[in-house]
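Colleague: First to last, the sequence lines map onto chains A and B.
Quick note on numbering: this note's numbering labels position 38 of the first sequence as 38, and the sequence is numbered without any gaps.
In this note's numbering, each number is its position in the second sequence, counted from 1, plus 1000.
Simulated from the structure, these hints should not be mistaken for laboratory data.
Just to be clear, a hint being listed does not mean it is correct.
Partial list, derived from the structure: chain B residues whose beta carbon lies under 7 Å from chain A [claimed, not checked]:
no.: 1; residue: L1017
no.: 2; residue: V1077
no.: 3; residue: L1173
Every residue, glycine too, gets a C-beta built ideally from N, C-alpha and C.
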Amino acid sequence: MGGYQPGPFARGIAWATVLYLLLPITIVIPVSLTDQRYLSLPYESLSLQHYVNLLTSEAWRGAIWQSCLIAVASTLIAVVAGTLCAIACWRISNGATNLIRALMLLPLIIPSIVYAVGLYRYFGKLDLLDRFLGVTLAHGVTGIPYVVITVSTALAAFDPRLEQAARGMGASLSQTLRWVILPRIAPGILSGAIFAFIHSWDELVMVLFIASRQVFTLPRKIWDGINENLDPSMAAVAVLLILFTVILLGLDLALRRRREG
Amino acid sequence: MRRDAGWWVLLLPAFLLMTIFYLAPIAQVLAISVTEPTPGLGNYERLFTNPAVQRVIGTTLRICIITTLISLALGYVLAYVIALASPRAQRWWLLGVLVPLWISVLVRAFAWVTLLRRQGLVNQGLQGMGVIDEPLQLVWNEFGIVVGMVHYMVPYAVLPMLASMREIDPRVLAAARGLGASRFTAFTRVFLPLSAPGLAAAAVLVFIVTLGFYITPAILGGGKTLMAAEWIKLQILDLVRWGLGAMLATVMVLTILVTLAVFSRVIDLGRMFGAQR
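So here's chain A without its partners, still in its complex pose (with noise of 0.2 Å):
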């Protein structure tokens, strides 16, 4: 570009930073094909024992499952609440919106342990402590922040003049969400949903404070399993999390190349 390039130094630094960040991740790989019950690398063979017992073990399908029922309940929470506000808060574009807008990325902003700390007490007065309800609030809540971002930056090039001469023609307000306003942003909307989902699905800080036995999600599994037993199993989970991840990302990037045009 312009004909400037950077100098060896910088990139061979450029190069070792990208390193650092894909290749110690890399190494579950291996690791869960391990032949041996311990964490290693495969000494003889290959082996896929450790899948099998994940796959067939009645607790870990538990914590998997209750993990998807809770992130698709909680990005369904956090898609309607935040596309909804951000389309409120693109239209009526005052003062009062832009401090809507910000407190509605307070959750990005202030750790979850602090959360956390709050709901503890506040779910145990409301009874909601350990319950598939009280979990699926949090996550709904904290996962708004990313639908707002999307679909405001999807918003960003949406002409308003179409929303107008939508309006001026006699369309009723919901008729104009819905044939008008939803179709255009409808990719920013999935991205934000990708988002949340991966935001709850991969959420551990208040899971700790706010769930005990009765909701016992994958990443409470992980953390008890990290602390406990370091067995190959876990490398066996990291691998298939990490495979979703990366799908889930493919996904958003193929939506953003469409949307770009």
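With the hints as your guide, set chain B onto chain A.
Modeller: Below, chain B without anything else, positioned relative to chain A:
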């Protein structure tokens, strides 16, 4: 104006959810910090009198500052190389930054434990090659925490810096070189000042995220090096000292908000969070 009323209704679900299920619990933390065990500022007094509290704050700040500096240095160079790469190459570099950003924190901490523990692959490898006789203590100390946290924070450092570097016209650099500046001078006198706003935004973002970090330090610190978040969890879940835990949580939030307020003059916060796109 009457027509606008409908739009305000759309704000309601998010606003109510946020107020009832987010702001109220946070406000509760602030309230606990001044009411338990006795009303007053007794908990905050501990900041000045209790050596354990001071040690935790010291450790947290030290690790956060070291992590921030290393992440910024690595992230800056990476962003610089990405910004000057061809659009095609940029896409690949970005993938290398975004994929780790979204991979589970737990998975990454687990990978580091596998690599760095006593019987881990790094120690085994070094021993196998005869470089060391005794395994090195690479994890369950501050070194391990910093390695894991920098790994987590580099992508956060790269994104805001890259956003601001992309607005720099690379032809200015070529012009500086053409007018006789060395590569070093062109960088320090032209590129560095132009990219300073991105650098400041990245510094603030990385610092405030590291302050509240829980999972990585808890796993890679092995309970020996306590950072603020883990200490808060210990106070509340294990020792049931609500006031003390809530006090440190409040101090954490205030530190973050003050940092943001001070820097909001220099940096565009909207862009900072938009950069995560």
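Colleague: Does B:L1017 pass the interface check with chain A, least Cβ-Cβ distance below 7 Å?
Modeller: Holds: closest Cβ of chain A sits about 5 Å from B:L1017, inside 7 Å.
Colleague: Report holds or violated for the interface hint on B:V1077, using the least CB-CB distance to chain A and a cut-off of 7 Å.
Modeller: holds (4 Å)
Colleague: Identify whether the interface hint at B:L1173 stands, where standing means a beta carbon of chain A within less than 7 Å of its own.
Modeller: holds (5 Å)
In summary, this structure violates none of the numbered hints.
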